[in-house]
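K.L.:
So you can see what is in the structure, the chains are spelled out below.
Number of protein chains: 2
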Amino acid sequence: MERWMMGDLKPPSRILMGPGPSNVHYRVYQAMLNPVVGYLDPKILAIMDEISEMLRSLFQTKNRLTLAISATGSSGMEASFVNFIEPGDTAIIGVNGFFAERMTEIAARCGAKVIRIDQDWGGIVEPEKMIKALKEHPEAKICAVVHAETSTGVRQPLEEIGAYCKKVDTLFLVDAVTSLGGCEVKVDEWGIDICYSCTQKGISVPPGLSPITISPKALDVLRSRKTKVQSFYLDLLLLEKYWGEERVYHHTAPVSMFYALREGLEIIFEEGLEKRFKRHEILGDRLKMELEGFGFKPFAQEGYRLPMLTSVTLPDWVDDIPIRKRLLNEYNIEVGGGLGQLKGKIWRIGLMGETCKIQSIHCLMGALKEILS
Amino acid sequence: MERWMMGDLKPPSRILMGPGPSNVHYRVYQAMLNPVVGYLDPKILAIMDEISEMLRSLFQTKNRLTLAISATGSSGMEASFVNFIEPGDTAIIGVNGFFAERMTEIAARCGAKVIRIDQDWGGIVEPEKMIKALKEHPEAKICAVVHAETSTGVRQPLEEIGAYCKKVDTLFLVDAVTSLGGCEVKVDEWGIDICYSCTQKGISVPPGLSPITISPKALDVLRSRKTKVQSFYLDLLLLEKYWGEERVYHHTAPVSMFYALREGLEIIFEEGLEKRFKRHEILGDRLKMELEGFGFKPFAQEGYRLPMLTSVTLPDWVDDIPIRKRLLNEYNIEVGGGLGQLKGKIWRIGLMGETCKIQSIHCLMGALKEILS
Numbered sequence: 001m002e003r004w005m006m007g008d009l010k011p012p013s014r015i016l017m018g019p020g021p022s023n024v025h026y027r028v029y030q031a032m033l034n035p036v037v038g039y040l041d042p043k044i045l046a047i048m049d050e051i052s053e054m055l056r057s058l059f060q061t062k063n064r065l066t067l068a069i070s071a072t073g074s075s076g077m078e079a080s081f082v083n084f085i086e087p088g089d090t091a092i093i094g095v096n097g098f099f100a101e102r103m104t105e106i107a108a109r110c111g112a113k114v115i116r117i118d119q120d121w122g123g124i125v126e127p128e129k130m131i132k133a134l135k136e137h138p139e140a141k142i143c144a145v146v147h148a149e150t151s152t153g154v155r156q157p158l159e160e161i162g163a164y165c166k167k168v169d170t171l172f173l174v175d176a177v178t179s180l181g182g183c184e185v186k187v188d189e190w191g192i193d194i195c196y197s198c199t200q201k202g203i204s205v206p207p208g209l210s211p212i213t214i215s216p217k218a219l220d221v222l223r224s225r226k227t228k229v230q231s232f233y234l235d236l237l238l239l240e241k242y243w244g245e246e247r248v249y250h251h252t253a254p255v256s257m258f259y260a261l262r263e264g265l266e267i268i269f270e271e272g273l274e275k276r277f278k279r280h281e282i283l284g285d286r287l288k289m290e291l292e293g294f295g296f297k298p299f300a301q302e303g304y305r306l307p308m309l310t311s312v313t314l315p316d317w318v319d320d321i322p323i324r325k326r327l328l329n330e331y332n333i334e335v336g337g338g339l340g341q342l343k344g345k346i347w348r349i350g351l352m353g354e355t356c357k358i359q360s361i362h363c364l365m366g367a368l369k370e371i372l373s
Numbered sequence: 001m002e003r004w005m006m007g008d009l010k011p012p013s014r015i016l017m018g019p020g021p022s023n024v025h026y027r028v029y030q031a032m033l034n035p036v037v038g039y040l041d042p043k044i045l046a047i048m049d050e051i052s053e054m055l056r057s058l059f060q061t062k063n064r065l066t067l068a069i070s071a072t073g074s075s076g077m078e079a080s081f082v083n084f085i086e087p088g089d090t091a092i093i094g095v096n097g098f099f100a101e102r103m104t105e106i107a108a109r110c111g112a113k114v115i116r117i118d119q120d121w122g123g124i125v126e127p128e129k130m131i132k133a134l135k136e137h138p139e140a141k142i143c144a145v146v147h148a149e150t151s152t153g154v155r156q157p158l159e160e161i162g163a164y165c166k167k168v169d170t171l172f173l174v175d176a177v178t179s180l181g182g183c184e185v186k187v188d189e190w191g192i193d194i195c196y197s198c199t200q201k202g203i204s205v206p207p208g209l210s211p212i213t214i215s216p217k218a219l220d221v222l223r224s225r226k227t228k229v230q231s232f233y234l235d236l237l238l239l240e241k242y243w244g245e246e247r248v249y250h251h252t253a254p255v256s257m258f259y260a261l262r263e264g265l266e267i268i269f270e271e272g273l274e275k276r277f278k279r280h281e282i283l284g285d286r287l288k289m290e291l292e293g294f295g296f297k298p299f300a301q302e303g304y305r306l307p308m309l310t311s312v313t314l315p316d317w318v319d320d321i322p323i324r325k326r327l328l329n330e331y332n333i334e335v336g337g338g339l340g341q342l343k344g345k346i347w348r349i350g351l352m353g354e355t356c357k358i359q360s361i362h363c364l365m366g367a368l369k370e371i372l373s
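Those protein sequence lines, which keep their order, are chains A and B.
In terms of the numbering used here, the first sequence opens at residue 1 and continues consecutively.
In terms of the numbering used here, the second sequence opens at residue 1 and continues consecutively.
Quick caveat, the hints were computed from the structure, so don't treat them as lab data.
Among the clues, some could well be false.
All copies of an identical chain are treated as equivalent in the list; a pair is satisfied when it fits inside any one copy or across any two copies.
Said to hold, decoys possible - Once the Cα atoms are required to be at most 30 Å apart in a straight line, the calculated DSSO-like pairs of lysine-lysine come out as:
#	residue 1	residue 2
1	Lys43	Lys369
2	Lys186	Lys10
3	Lys226	Lys275
4	Lys226	Lys113
5	Lys43	Lys343
Please model the complete structure; the sequences and the hints are all you need to start from.
P.N.:
Shown next, in the form of structure tokens:
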């Protein structure tokens, strides 16, 4: 029988200024030290209720069906399409980045007829274009956009599209993976029907869960499906029976991650949403200013730049990979490179949750000064 | 803005003798205290390689495609069907319990034509019956059974079915959710093509990941699919690109859970598989003996009882729910009730991984003596 001598883990202590994960508060790590209990233990059921309640406040919604899916943010995207799309249904998708592109891929795998509203990466999808498509396709089951496009740093305006969707049957689906916990996501006020996120960005909890919220309008659509949801694991009506009063076993809850999420959410509400969003705004502005002083040019469309994720094009004299390697190896600072068509062209610098503090900016700018001068 | 005062988590310290999760070694909890790093950080990639390597040893396989899916054991079941079944494919499934029943449900959601080989819950599915069905349906894409049926406590014999599948095109799919880490699972020797498990039973790590291994024969089938896998999140060819040398981003790895799994696996190999499996066997036998002395009757078919999960029918004078509630509330001991058609009829008592020690048996028998006498 083989024996292993892997030795200690000893991961380095990074300043996580990439597009996620962000740094984690020590109390969140400590929460995971709590002993695991069974998936129907009264204690874990109470904790799930608390998580739902706090997620409702974070999503600014009254939606009863608000929970955390037992897999990472990408599973939230899949759950959002797989539960509502039946083969042949139409989905209008605003495509202005890597994750919007992924939405079209996932929608297609669910059998959707996808109508793309394309926009060059770095810009917003004009709400009028989305509304025009909605008018041309009243049969559309879903209209989807990415609130905070992680690949470009663009903040998509949602209010006009949501206001239109409120008046018609089409469901408004919003990816809030990078925005939730770092800026306003007003699910009810903005007319969002399906909204999902992750734990490892604005919430500053390790990756592993996907918060999601479903409006009563969307729930009606779900309940009147003609076919079964093609995914069992992500079937929201089954998850509802476990998270809701019936407490029917569906899968074994990732208990330690639930402990972590509960603590992370509690830390958010100790700070207060208003203060937290302001912090992201002020420090995001400061980072952009510092980077411009260095010769980096903002990439995202002016007026629509995310506070928690800054995208910049590189000056000629900055070599993408070698410099990011030095930042990582010599200064323990992670910044993100470009994704997809933007590979090698931009950097994506995150200031999310616990990472969003003036010290992070000082460390990055100090390191860049040493490396580049 | 609402503020929350949830207070400390304070979950109770249970002896987890249900069907999973099992108790977790303190070193595994400590591993989760390590700082999160990015999903392409050289450190996490090295850890993923170590996890794959140790999982290969645990599955007793040389399969290159061996990894941990970023969701719980149930997602492993879904991944096993969704990647290999295309609409209209035939799947032969031995159905002798709740989880085998779930296999038929998931296979159907993937568009499979399901051929059920039914057996009363509590018994094994006779290998000859499976082989007969394989002969009658040479077109079958998959032949599936549950190795350790968590709902009944039955250990399914695999060798004969595997030997037959080796000679034909049909892939042999085995659910090892409750067996892996507690008894032999010889993937290569037994001719298993697709095998998945969980982290929270024999491996004694918190729930949240699903180890899976795929044979070269199965990989060929996967690569020659005519249609796309209907799940993006569970698409094994995309996961292969992230876990393999290409390191293409697919989703943000649940870093803290990877730390935990690596530590849990290391603990397993420090003990050694042979010693570990012997421990489960000896203590499983001891528990069965003690329970019989108390008037509980073994439920699973003689000769095919699982070491790590003991199923017993209740004596008339034992009231299911009130007694389990007292065990939980007064003695902090979790034991499992019956699932599905066995609700109220049996108990399922786990002795898995860290829980599998003589003290667990002493605590349970001591508590039962106090409650029932």
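K.L.:
It remains to establish, for every hint, whether it holds in the given structure.
P.N.:
Against the structure, the hints:
no. : hint             : in the structure
1   : Lys43 to Lys369  : between (51 Å within a copy, 26 Å between copies)
2   : Lys186 to Lys10  : neither (40 Å within a copy, 32 Å between copies)
3   : Lys226 to Lys275 : neither (45 Å within a copy, 52 Å between copies)
4   : Lys226 to Lys113 : both (17 Å within a copy, 19 Å between copies)
5   : Lys43 to Lys343  : between (46 Å within a copy, 22 Å between copies)
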